[in-house]
Amino acid sequence: MVRHNNQLPDNLPQLQNLIKRDPDSYRDEFLQQYHHFHSVLDIFRLEPDKENKSLCESIMFLAQVAQCYLEELKTFPQTLVDLLKTHSTTLDPEMRNTFCRALILLRNKNLISPLDLLELFFQLLRCPDKALRTFLENHIINDIKNMNAKQKDMKLNATLQSFMYTMLRDTNPKAAKMSVDIMIELYRKQVWNDAKTVNVIANVGCFSKISKVLVASLKFFLGTDQQDEEEDEEDSDREMDLKGIMMAAKVNKKTKKRKKKVEAAKKLYTQAQKKKKRPVAFNFSAIHLIHNPQGMAENLFKQLQDGNERFEVKLMHLDVISRLIGIHELFLFSFYPYISRFIQPHQRQVTRILQFAAQASHELIPPDIIEPVIKTLVNNFVTERNSSDVMAIGLNAVREICVRCPLAMNEDLLQDLTMYKNYKEKSVMMASKALIMLYREQMPNLLTKKDRGRPTEASVEVKPKRYGEIVAADYIPGTEALLREDAPELEEEAGAAGNESDSDWVDVDSSEDEADAVLREARSKKGIVMIKSSKHKNEEVEEEEDSEEEDDDEEEEDDEEDDDDEGEWEDCSEEEEIVEEKKVKRSKQARKQEKRKQKKKIPTVTKATAAEPETADNETDETVKNGEQTLNTTEAMQELALTKIFTDADFARIEQERVKKQLTHHSRKRQLETERSEFVKLDAIEMIYKRRKADKQSRVETMQKGREDREKFGYKDNRMNPHCSKTNREKQKNKNFSMIRHKVRGKVKKSFRDKQVALRKHLLHVKKMK
Numbered sequence: 001m002v003r004h005n006n007q008l009p010d011n012l013p014q015l016q017n018l019i020k021r022d023p024d025s026y027r028d029e030f031l032q033q034y035h036h037f038h039s040v041l042d043i044f045r046l047e048p049d050k051e052n053k054s055l056c057e058s059i060m061f062l063a064q065v066a067q068c069y070l071e072e073l074k075t076f077p078q079t080l081v082d083l084l085k086t087h088s089t090t091l092d093p094e095m096r097n098t099f100c101r102a103l104i105l106l107r108n109k110n111l112i113s114p115l116d117l118l119e120l121f122f123q124l125l126r127c128p129d130k131a132l133r134t135f136l137e138n139h140i141i142n143d144i145k146n147m148n149a150k151q152k153d154m155k156l157n158a159t160l161q162s163f164m165y166t167m168l169r170d171t172n173p174k175a176a177k178m179s180v181d182i183m184i185e186l187y188r189k190q191v192w193n194d195a196k197t198v199n200v201i202a203n204v205g206c207f208s209k210i211s212k213v214l215v216a217s218l219k220f221f222l223g224t225d226q227q228d229e230e231e232d233e234e235d236s237d238r239e240m241d242l243k244g245i246m247m248a249a250k251v252n253k254k255t256k257k258r259k260k261k262v263e264a265a266k267k268l269y270t271q272a273q274k275k276k277k278r279p280v281a282f283n284f285s286a287i288h289l290i291h292n293p294q295g296m297a298e299n300l301f302k303q304l305q306d307g308n309e310r311f312e313v314k315l316m317h318l319d320v321i322s323r324l325i326g327i328h329e330l331f332l333f334s335f336y337p338y339i340s341r342f343i344q345p346h347q348r349q350v351t352r353i354l355q356f357a358a359q360a361s362h363e364l365i366p367p368d369i370i371e372p373v374i375k376t377l378v379n380n381f382v383t384e385r386n387s388s389d390v391m392a393i394g395l396n397a398v399r400e401i402c403v404r405c406p407l408a409m410n411e412d413l414l415q416d417l418t419m420y421k422n423y424k425e426k427s428v429m430m431a432s433k434a435l436i437m438l439y440r441e442q443m444p445n446l447l448t449k450k451d452r453g454r455p456t457e458a459s460v461e462v463k464p465k466r467y468g469e470i471v472a473a474d475y476i477p478g479t480e481a482l483l484r485e486d487a488p489e490l491e492e493e494a495g496a497a498g499n500e501s502d503s504d505w506v507d508v509d510s511s512e513d514e515a516d517a518v519l520r521e522a523r524s525k526k527g528i529v530m531i532k533s534s535k536h537k538n539e540e541v542e543e544e545e546d547s548e549e550e551d552d553d554e555e556e557e558d559d560e561e562d563d564d565d566e567g568e569w570e571d572c573s574e575e576e577e578i579v580e581e582k583k584v585k586r587s588k589q590a591r592k593q594e595k596r597k598q599k600k601k602i603p604t605v606t607k608a609t610a611a612e613p614e615t616a617d618n619e620t621d622e623t624v625k626n627g628e629q630t631l632n633t634t635e636a637m638q639e640l641a642l643t644k645i646f647t648d649a650d651f652a653r654i655e656q657e658r659v660k661k662q663l664t665h666h667s668r669k670r671q672l673e674t675e676r677s678e679f680v681k682l683d684a685i686e687m688i689y690k691r692r693k694a695d696k697q698s699r700v701e702t703m704q705k706g707r708e709d710r711e712k713f714g715y716k717d718n719r720m721n722p723h724c725s726k727t728n729r730e731k732q733k734n735k736n737f738s739m740i741r742h743k744v745r746g747k748v749k750k751s752f753r754d755k756q757v758a759l760r761k762h763l764l765h766v767k768k769m770k
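Per the UniProt record's numbering, the sequence shown runs over residues 1 to 770.
None of these hints come from the bench; they were simulated from the model. Hints may contain errors.
List time: in silico PhoX-like cross-link candidates among lysine-lysine, alpha-carbon distance up to 20 Å [stated by the list, open to error]:
{"#": "1", "residue 1": "K219", "residue 2": "K302"}
{"#": "2", "residue 1": "K421", "residue 2": "K449"}
{"#": "3", "residue 1": "K155", "residue 2": "K145"}
{"#": "4", "residue 1": "K109", "residue 2": "K174"}
{"#": "5", "residue 1": "K449", "residue 2": "K433"}
{"#": "6", "residue 1": "K375", "residue 2": "K314"}
{"#": "7", "residue 1": "K85", "residue 2": "K174"}
{"#": "8", "residue 1": "K212", "residue 2": "K174"}
{"#": "9", "residue 1": "K145", "residue 2": "K109"}
{"#": "10", "residue 1": "K150", "residue 2": "K189"}
{"#": "11", "residue 1": "K302", "residue 2": "K209"}
{"#": "12", "residue 1": "K314", "residue 2": "K209"}
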């Protein structure tokens with residue numbers, strides 16, 4: 001059958017549609033187009049640098065119907081691959097883009113292996129075509145992501161990563177830069193988030209001779225936190241835009257365009273709220289996955305010293321090196337004299353350099369290595385010839401270094417820095433007090449007696465660590481709260497949250513022995529210190545004894561009042577309340593007797609004279625009992641950690657016990673918590689206690705907040721009937737000024753001089769008329 005007026009050979013989209021519906025019926029038309037493709041291809045190979053639209057149309061047509069004729073088009077993908085490999089640099093940009101799109105269509109239909117296609121695309125990254133490189137980069141990332149969506153293909157990933165390793169060493173800067181960008185993007189998308197990807201970037205990218213590859217690799221190890229901060233800033237800016245759009249919609253004229261804007265703004269707002277409520281995805285930073293951090297830090301430091309990069313790149317080197325030293329606790333002693341050269345108030349980006357110095361500090365570094373850094377910092381910053389802000393920043397930097405390496409501070413320097421607690425500027429004063437609070441917890445023996453503060457249970461338990469000492473707890477701290485049978489219930493503490501006394505935290509009878517034990521231990525330590533002190537300190541001991549006698553007298557008065565109260569309770573009919581009151585009385589009397597015994601023991605220890613045998617025996621018996629009690633408690637906590645599964649209520653009681661230990665004799669309710677984080681936040685160094693000038697947005701917010709729950713300002717109409725008529729005086733406010741000008745002007749009284757002039761003028765006029 002011969003078809004008359006057949007237009008299918010010229011109308012390829014229609015033929016393509018018909019072939020997809022019924023391939024067998026249109027095989028002849030397909031073969032005709034396939035032979036046409038070969039003839040056009042032969043013409044193209046004669047002049048490959050010229051554009052051939054007919055070839056592009058034939059290639060896209062064959063790529064669309066390739067799944068219908070698998071046998072005939074078996075060699076078609078390889079033909080395109082060979083064309084791109086042979087003429088990649090000489091091809092017309094439009095033709096090169098068409099060939100790549102046709103290969104992507106064949107890849108989506110599984111007619112070409114992904115490895116062959118990705119290797120070809122990586123080679124095409126060398127082409128001087130920015131649009132093509134961006135297009136190929138997006139396809140490579142999405143293709144690898146889709147291949148690993150359901151299940152990770154480890155064999156294919158290993159092959160591609162090995163190929164990427166060679167691409168990073170390519171001499172072409174554009175191909176190497178695009179390769180490292182692809183690897184970084186795949187790591188951020190959680191596709192290639194393994195150690196092999198990280199170490200390829202660390203070993204090759206961070207030491208590349210191409211500056212763009214070097215900077216991209218360094219930013220990769222620094223960019224996770226910066227990316228999160230940028231996203232937070234974008235979210236805050238978006239919220240500000242939403243507020244402006246909503247306000248404009250209220251004020252401006254209502255149109256369809258503004259209505260669409262408001263709906264889009266509401267949609268973005270709901271998305272932002274959902275993003276905030278989304279749980280945090282915890283992931284190891286890339287810097288943890290480096291196999292040889294010591295070698296990388298040494299090589300980076302050598303590259304920094306020998307290189308001649310711009311200042312921003314040097315800061316990136318310092319940042320990465322300091323993070324490697326701090327996180328992996330490395331030893332790179334030559335780093336500290338190098339960074340000390342930049343610790344000057346006039347140095348550019350000096351706060352970041354101080355941040356790097358703090359990040360590179362950890363407990364395993366000998367104090368002699370970091371001590372010169374602290375002295376340089378103090379000499380250049382913490383001096384009265386500088387401004388208060390510079391002094392505060394210097395003290396903050398010293399604190400951040402000492403948080404990570406407290407042994408780097410010596411006693412004389414610390415006492416000099418604590419003298420700034422009475423400085424006239426609040427920023428310096430608060431920075432000095434923060435340093436004092438740090439050493440109250442870490443090493444209180446370096447502080448003077450007046451700066452140590454009153455001891456807490458937590459400070460008594462914590463002992464200063466020596467260099468290299470590691471304290472490994474074999475139980476969960478705070479679980480002693482779970483060992484007590486009468487531990488406070490969470491419901492009771494919720495009802496009495498406002499009262500932060502000891503009765504809210506622990507029962508009197510159950511914790512009496514523990515409290516007295518801690519008190520005896522603290523006082524015995526005081527006695528030992530008093531032996532080593534001078535005569536002046538012995539005088540202070542006597543003053544303390546006098547003050548304790550006064551406290552005992554006050555307690556006796558309180559006990560007498562309690563006796564009176566007990567007499568009143570005996571008159572009551574409820575026997576249970578009487579029994580409880582007697583228990584409280586016995587516990588107070590026992591506590592009073594214990595304090596009297598302790599008061600007698602302290603002078604004998606301080607004077608170091610011949611002690612009575614009875615008191616010595618009592619002391620040994622008490623120490624043995626306390627030691628046995630501590631051992632029993634420790635063993636019980638160890639067994640509890642191994643056998644019990646803790647609930648949320650148990651963790652709440654443990655946290656309650658921790659807070660209770662931090663209370664200082666019911667007077668100090670807050671303690672400074674010093675936690676060693678991986679990275680030093682720049683705000684911790686730049687934090688200055690000073691009232692900053694508020695910007696316009698904050699002023700508007702405070703103004704609007706002050707208007708809440710307030711009557712509407714303006715004219716108040718206090719009439720009983722709001723619908724009655726208004727007076728003429730009220731109506732004048734809405735009238736035009738020209739209507740009431742004559743009334744506003746009123747009568748103008750003439751002065752005596754004006755009256756004289758007017759009278760003279762009138763008399764002269766009358767005289768002339770005569």
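Evaluated hints:
{"no.": "1", "hint": "K219 x K302", "verdict": "holds, 19 Å"}
{"no.": "2", "hint": "K421 x K449", "verdict": "holds, 15 Å"}
{"no.": "3", "hint": "K155 x K145", "verdict": "holds, 15 Å"}
{"no.": "4", "hint": "K109 x K174", "verdict": "violated, 30 Å"}
{"no.": "5", "hint": "K449 x K433", "verdict": "holds, 15 Å"}
{"no.": "6", "hint": "K375 x K314", "verdict": "violated, 24 Å"}
{"no.": "7", "hint": "K85 x K174", "verdict": "holds, 18 Å"}
{"no.": "8", "hint": "K212 x K174", "verdict": "holds, 9 Å"}
{"no.": "9", "hint": "K145 x K109", "verdict": "holds, 17 Å"}
{"no.": "10", "hint": "K150 x K189", "verdict": "holds, 14 Å"}
{"no.": "11", "hint": "K302 x K209", "verdict": "holds, 14 Å"}
{"no.": "12", "hint": "K314 x K209", "verdict": "holds, 15 Å"}
Consistency note: the structure conflicts with the earlier hints numbered 4 and 6.
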